[in-house]
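A.B. asks: These protein sequence lines are chains A and E, in that order. Using my numbering, the first residue of the first sequence is number 1229, and each one after it goes up by one. Using my numbering, the first residue of the second sequence is number 8, and each one after it goes up by one.
Hints listed in this document are in silico derivations from the structure and should not be mistaken for laboratory results. Every residue gets a Cβ at the ideal spot worked out from N, C-alpha and C, and that includes glycine. Please note that the accuracy of each hint is not assured.
Restraint ranges, calculated between C-beta atoms of paired labels, are given here [said to hold, decoys possible]:
1) E:Asp174 - A:Gln1329: 41 to 49 Å
2) A:Lys1355 - E:Arg234: 47 to 55 Å
3) E:Thr42 - A:Lys1361: 41 to 49 Å
4) A:Ser1276 - E:Glu150: 46 to 54 Å
5) E:Ile124 - A:Glu1324: 22 to 30 Å
Some, not all, of what chain E presents toward chain A, calculated at C-beta under 8 Å [what the hints assert, rightly or not]:
6) Ala64
7) Phe134
8) Gly139
9) Val155
10) Glu162
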Amino acid sequence: MTRILSRRSLAPLVLTGLAALPIETMWTGGKAFAAAARASKVVTYKGSTVDSFYGPIQVSILVKGKKIVKVKVGNSPDTARSFFIQGQAIPLLVQETMQAQSTKVDVISGATTTSAAFLDSLKSAVKKAKRAKALK
Amino acid sequence: MGMPIQVDVRDVGVGEMVVERVFDWLRHVDATFSTYHAESEISRLNRGLLSRDGATADVRAVLDRCEELTWETDGYFDIRGSHLPVPVETAAGELVTSGIDPSGFVKGWAIDRAAAILDDAGARNYFINAGGDVRTRGGAVPEGEWRVGIRHPREHDMLAAVVPARDLAVATSGAYERGEHIVDPHTGLPPRGVLSVTVTGSELATADAYATAIFAMGEAGPAWTTRLYGYEAMVILEDDRVLSTRWFPKE
């Protein structure tokens, strides 16, 4: 069991073992570091597509200034399926479209552990970035 | 328990000794319930070395509550995992098909009990996060609340929603969880059409069991959530529709 004891909220661990990312895509560093980071550009490295229990998964990492600034994960486009709830609309439920937001929170619900397929694809993206010397 | 446990206590008067007691309790739960420990009560039950009547009170209480939840969820939450045979080897070396794995329920139950330890020590503003299932009390600042982000099921560095929580448990089941491929116990197959289910309410163990069950129901999950009493739910479907119960606490 891994123990995290805090008096203030820690930046949540998005990936166990590989890198710790804040949920907001900004990171703090010294002024010189920040200037150097701003000067470099963002490069995307795509991981291999890995089969998982729920379909193919491909992870991409966006690298800037020797750091991973964003991680994206998606299924391939041809696994999209359309579903509908059998029967009529259910008036007791509120329906919206899923949002994607990046905002400051205290804690995150939803597994902090990630699927093996996700990690495999991510590792391959990180390997690519390291080979290109974009990451240490 | 093989997952990160995060304890964040804001009350100045609560010392680290109390948090030590929390982790002592969690270690005890692991030793008692883990199917990865051959000598745990659950493992010995599965191997036929222990009878249910011979198990300790906590184990019997957990098994009783799990049975209730199986009934409540029309069999979609079931610690037998799948109604298909789960072979387990007994001490005599035979294969029997009566293995149980209550770990999905035990995780939340252990945290509910851990919260009681903090309460007894006078803590009034804290959260405990066990692998993405969260139990909160009070707020990040006194009189405030905790802001609980719901992980986006597709973009793992984004949030799908924010739940303002005060004295609330928040459990989320998703298709992206490692190793825990939730299946429909009636068929043994993973459900289709659902990306993520979040349930909120007063107890984490119950919220977690409901989230698991609703996810296992697939497209029929949202309709079942209208039967919830005292708990609220949000279901994210694969076509990006989000169906929430009327009072689901969303920012």
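A.B. asks: Determine whether the Cβ-Cβ distance between lysine 1355 (chain A) and arginine 234 (chain E) falls within the hinted range of 47 to 55 Å.
C.D. replies: Holds - the Cβ-Cβ distance for lysine 1355 (chain A) and arginine 234 (chain E), about 48 Å, lies within 47 to 55 Å.
A.B. asks: Starting from the range 41 to 49 Å, see whether the pair threonine 42 (chain E) and lysine 1361 (chain A) falls in it by beta-carbon distance.
C.D. replies: Roughly 45 Å apart at Cβ, these two residues keep to the hinted range, so it holds.
A.B. asks: Taking the closest Cβ pair, is phenylalanine 134 (chain E) under 8 Å from chain A?
C.D. replies: holds, 6 Å
A.B. asks: Regarding the hint that glutamate 162 (chain E) lies at the interface with chain A, is the smallest CB-CB distance below 8 Å?
C.D. replies: Hint on glutamate 162 (chain E): holds, closest Cβ of chain A at ~6 Å, below 8 Å.
A.B. asks: Given a hinted range of 22 to 30 Å, is it respected by the beta-carbon distance of isoleucine 124 (chain E) and glutamate 1324 (chain A)?
C.D. replies: violated, 38 Å
A.B. asks: Does the CB of alanine 64 (chain E) sit less than 8 Å away from some CB of chain A?
C.D. replies: violated, 24 Å
A.B. asks: Taking the closest Cβ pair, is valine 155 (chain E) under 8 Å from chain A?
C.D. replies: Valine 155 (chain E) check passes; min Cβ-Cβ to chain A is 5 Å, inside 8 Å.
A.B. asks: Given a hinted range of 46 to 54 Å, is it respected by the beta-carbon distance of serine 1276 (chain A) and glutamate 150 (chain E)?
C.D. replies: holds, 50 Å
A.B. asks: Report holds or violated for the interface hint on glycine 139 (chain E), using the least CB-CB distance to chain A and a cut-off of 8 Å.
C.D. replies: Interface hint status for glycine 139 (chain E): holds (4 Å vs cutoff 8 Å).
A.B. asks: Taking the beta carbons of aspartate 174 (chain E) and glutamine 1329 (chain A), is their distance inside 41 to 49 Å?
C.D. replies: Because 25 Å falls outside the window, the suggested range is violated.
Hints 1, 5 and 6 from the list above are not met by this structure, while the remaining hints are.
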